[in-house]
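Q: Chains as they are written, first to last, in my numbering: chain H, 28 to 474; chain V, 22 to 356.
In short, the hints are calculated from the structure, not lab data. Don't be surprised by glycine CBs; every beta carbon is placed ideally from N, CA and C. Hints may be right or wrong, so weigh each one.
Unchecked claim - Looking from chain H toward chain V, a few residues come up when the C-beta cut is under 7 angstroms (computed):
id	residue
1	PHE99
2	LEU228
3	MET455
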Amino acid sequence: MSGNRQVTSAASRWRAPVLFLILAALFFAEGTFRNAMFSGSWNISLAILNMGLISAITALGLNMQWGYAGLFNVGVVGFLALGGLAPVLIALPPVEGAWGAGGMRIIAALVTGIGSLALASLVWRRGRGKVGALATAGVLVLGFFLFRWVFDPAVAAIEANQSARYGNIGGLGWPVLLSWPIGGLFAAAAAWAVGKVALGLRSDYLAIATLGIGEIIVAVLKNEEWLARGVKNITSIPRPVPYEIELQRNPDFQSFANSWSTSAAEASGIWVKLCYMSLFLVVLLAIILLAELALKSPWGRMMRAIRDNETAAEAMGKDVTARHLQVFIIGCGVIGMAGAMMITLDGLMAPTSYNPLRYTFLIWVMVIIGGSGNNWGAVLGAVLIWFLWIKVEVWGPELIGLLTAPMPAGAVKDHLLDSAPHMRFIAMGMILLLVLRFAPRGLLPER
Amino acid sequence: MDILNALVAFLNFVFIPAASYGAQLALGALGVTLIYGILRFSNFAHGDTMAFGTAIVIILTWGLQGLGVNLGPLPTALLALPLGIALTALLVLGTDRVVYRFYRVNKSAPIIMVMASVGVMFVMNGLTRLLIGVDDQIFTDGARFVIDVRSFRDWSGLDEGLALRTTQVLTLVVAVLVVWALFRFLNRTKSGKAMRAYSDNEDLALLSGIEPERVVRITWIIAAALMVIAGTLYGLDKSFGPFNYFQMLLPIFASAIVGGLGNPVGAIAGGFLVAFSEVAVTYPWRKIVGYLAPDWQPDGLLQLLSTEYKFAVSFMILIAVLLFRPTGLFRGKSV
Numbered sequence: 028m029s030g031n032r033q034v035t036s037a038a039s040r041w042r043a044p045v046l047f048l049i050l051a052a053l054f055f056a057e058g059t060f061r062n063a064m065f066s067g068s069w070n071i072s073l074a075i076l077n078m079g080l081i082s083a084i085t086a087l088g089l090n091m092q093w094g095y096a097g098l099f100n101v102g103v104v105g106f107l108a109l110g111g112l113a114p115v116l117i118a119l120p121p122v123e124g125a126w127g128a129g130g131m132r133i134i135a136a137l138v139t140g141i142g143s144l145a146l147a148s149l150v151w152r153r154g155r156g157k158v159g160a161l162a163t164a165g166v167l168v169l170g171f172f173l174f175r176w177v178f179d180p181a182v183a184a185i186e187a188n189q190s191a192r193y194g195n196i197g198g199l200g201w202p203v204l205l206s207w208p209i210g211g212l213f214a215a216a217a218a219w220a221v222g223k224v225a226l227g228l229r230s231d232y233l234a235i236a237t238l239g240i241g242e243i244i245v246a247v248l249k250n251e252e253w254l255a256r257g258v259k260n261i262t263s264i265p266r267p268v269p270y271e272i273e274l275q276r277n278p279d280f281q282s283f284a285n286s287w288s289t290s291a292a293e294a295s296g297i298w299v300k301l302c303y304m305s306l307f308l309v310v311l312l313a314i315i316l317l318a319e320l321a322l323k324s325p326w327g328r329m330m331r332a333i334r335d336n337e338t339a340a341e342a343m344g345k346d347v348t349a350r351h352l353q354v355f356i357i358g359c360g361v362i363g364m365a366g367a368m369m370i371t372l373d374g375l376m377a378p379t380s381y382n383p384l385r386y387t388f389l390i391w392v393m394v395i396i397g398g399s400g401n402n403w404g405a406v407l408g409a410v411l412i413w414f415l416w417i418k419v420e421v422w423g424p425e426l427i428g429l430l431t432a433p434m435p436a437g438a439v440k441d442h443l444l445d446s447a448p449h450m451r452f453i454a455m456g457m458i459l460l461l462v463l464r465f466a467p468r469g470l471l472p473e474r
Numbered sequence: 022m023d024i025l026n027a028l029v030a031f032l033n034f035v036f037i038p039a040a041s042y043g044a045q046l047a048l049g050a051l052g053v054t055l056i057y058g059i060l061r062f063s064n065f066a067h068g069d070t071m072a073f074g075t076a077i078v079i080i081l082t083w084g085l086q087g088l089g090v091n092l093g094p095l096p097t098a099l100l101a102l103p104l105g106i107a108l109t110a111l112l113v114l115g116t117d118r119v120v121y122r123f124y125r126v127n128k129s130a131p132i133i134m135v136m137a138s139v140g141v142m143f144v145m146n147g148l149t150r151l152l153i154g155v156d157d158q159i160f161t162d163g164a165r166f167v168i169d170v171r172s173f174r175d176w177s178g179l180d181e182g183l184a185l186r187t188t189q190v191l192t193l194v195v196a197v198l199v200v201w202a203l204f205r206f207l208n209r210t211k212s213g214k215a216m217r218a219y220s221d222n223e224d225l226a227l228l229s230g231i232e233p234e235r236v237v238r239i240t241w242i243i244a245a246a247l248m249v250i251a252g253t254l255y256g257l258d259k260s261f262g263p264f265n266y267f268q269m270l271l272p273i274f275a276s277a278i279v280g281g282l283g284n285p286v287g288a289i290a291g292g293f294l295v296a297f298s299e300v301a302v303t304y305p306w307r308k309i310v311g312y313l314a315p316d317w318q319p320d321g322l323l324q325l326l327s328t329e330y331k332f333a334v335s336f337m338i339l340i341a342v343l344l345f346r347p348t349g350l351f352r353g354k355s356v
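If we strip away everything but chain H, and leave its shape as in the complex, we get (with noise of 0.2 angstroms):
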C-alpha cells in the first residue's frame, strides 16, 4: 500500500515463481497423499481450487479499489451476491406465464422508480432553498408511493403464477456464459449508486455506505421471491459443462476411465472439475492481463499517484472523485462476475448462504496477505487463504484432539473438541493482524 519503491532484488525475483509452486505442491498433496493432513482425492483437491480460483477473481476486483485507489470497500458480499442474480435471470428457462402475469409492469415499475429518483435529483439541483428541498422531497414521497403501486400487483400475480415450483420471473434462456458478463454489470450499475453518494467524502463513509449497500442486496435477493424464489432458493441453474452423470453413461468416456484406471464415477467429477477450472483460469487470466496493462498505462500510473498523494493528483488538475467512481465501478464490475460464476459452479441460487464474513472480510485477509497492489498477489493469497479456510477446519479438531489426548474426559475436553472449528475465525484474524503488523506489503509486494 505504502507508495516508497524497494530496489528489485535477486530474491524478490524468484518470490513470486517459489510462492506459487509452493501453493501447487499444496493442491498437489491434497490430491494425492492420504494422511492425518490431506485428504488424498482429486475430486476435493480441484473442489478447493475451483472455489479458490472465484475467490482469485473477487480478490482482484477488490485489488482494483484497494491497491490501485485506496478504495475500501466493505459491501463486497452484496456485489457478489447482485452478479450472482445474473445466471438465474439469464440462463433459466423461461417460466410460462410469468412475464404476462406482470413481467411488464414490472419493469414499468422499475422505470417509475429510477425516473423518480432522476426527477428528484435534477429537482434538487435546479431548486433553491428550502422550496428546492420541499420540492425533491415531494417528488421521493409521490414516486415511492407510485411505484408501489405499479409494483406491488405485479408481484403478487407473478409469485401466484406456479408458486410451489416457480412463483418467480424466471429466464431467458440464454446461454449460461453469456450471464458472467451480464452478472459483472448488474454489479457495475449498483457502484455507480453507491459510488455517486459516498465517494468524495471522507474514507471511511465509503466503508459503511458499502456495509449498508451490501447488507441490503442481501436482503433484497432474500424476500424478493418473484426475483429469484428469495429464501425458496433456485436450483438447477444450467452448467456450460458436462454433467457426471451423462459422462458415466458414455461408453467412451468409461473406456478412457479405464485406461486410467480409476472408476468412470470419479473420472467424471475429476473431469467437470477440470472443464470448470479451464474456464475460470480463462477469465482469471484475462481480467489479470487486462489489469497488468491499466496498470502499467498512463491510466494506472494516475491511479496510483491519486492514491499515494491525492492533494498533490487534485493540484496537478486530475478529477480524483471521478477517477475513484472510475475503478470503484470496474472492481465491483470483476466481483460481480465473480458472484455469477460461483453460482454457476454451485448450480443453487441460495441467499442464506451470503454471509459477510466469508464472502467480504476473508476477502479483505486474501488482498491483504497476498501483497495489495499486485494482481498476482492477490491471486496467490486468494488461493492460498481459500486453501487454509478450508483445511483448518479439518486441521482445527485434529489439533486440539491431539492436544487435548492425554486429558481426562470430561466437560472441558468436550468443549474444547466442539469449538475446534471456530478456531479458524481466530487464525484468520490473527494471520490478519499479524501481516498487517509486520509485513504490510504482503507476501508479493506491489513493485
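For chain H, the structure is supplied; the task is to place chain V on it using the hints.
A: Below, chain V without anything else, positioned relative to chain H:
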C-alpha cells in the same frame, strides 16, 4: 374512545419498542463516536466486541443463577454487569496495547486502523463462538412485565392492550443513568475535560500537558462499558444471538454519523432518530388508521417497507445525511 385505542396501539407497537431500541442504539453509537473522537477511526470490531462482552455477562449470569442469587423482579444479568464490563475492558485494553497502539504511535492512516479493527473483529467473533457457541441464548429472568396486556385492558376498559416489559423500562432507565454519568464525567471531571480537549485538538492538548495514552485508556474503558451495557440490554430485550451484533453495526454507525461523528449528544439523537424511523417505516399502520378513520378501509397493511428491510431505513437516513449534511445534524468532526 377510538382515539385512545389508537394512542394505546401506537404506544404499544411503535413508541415503546422504538424508544428502547433507540436507547440501545444510542449507547452503541456513543461508544463508536467516542472511539472516533479520540482514536480517530471507525471501529468495525464494535459489534463483535459487544457480542463478546454480552457473552461474558451471560456466563456470569448463569453462574449467579446456579448459586441461587437473584435480584427479585430485575434480571440477574444486572449483577453480572460490573464484572463483565471489567473483563471486557481488560480485553479491549489488551487489544489496544498489541494492535492499535503501534499504528497510533506511527501515525498510520485511519483506514489502516479500520483494517486492523477488521482483524480484531474476526478474533472477537471467533472468541464469542468459542465462549458461548453459535446458538441463540435467552438469559432474562425476574418479572417479565411491568404492565401486561390483560391487566391493562381490565383497568382501562379499552380494546387495545398495552404491554410494557421489564427489560424495556430497564433499558430506558439504565440508558438515562449511563448518559447522565457520562456527560457528568465529560463536563465536570478533569479526565473528562482532558478527553474533550484531546478530541478537539490533539496538538493543543499535548501542549497543555495532557497525557495521550491515559486519555486513550480512559476512552477504551468507557467504550467497553458502553458496549457491554448496550449489548446486554439488547440481549435482554430481544435475545442474544452471536451474529445479531454484527448486524447492529450498520444502524449504530448510521446513528453516530447522523448525529455527527465524535459528538456524544449527536450519537444519542441519532440513535433515537434511526430507531424511530426504522419502526415507523416497517410498522403496518392499518390497525391505528382503522381506529382513526373507521370509514376508510385500505386494502394493504399500510406498511411502507417489510420488516426485513429495516437496514434499508438506516441506510437511507445515512445516505440523506451524507448527501446534504456530511458532518451530521450536530456538526461532528469535519469531512
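Q: Which of the numbered hints above does this structure break?
A: Every hint satisfied by this model.
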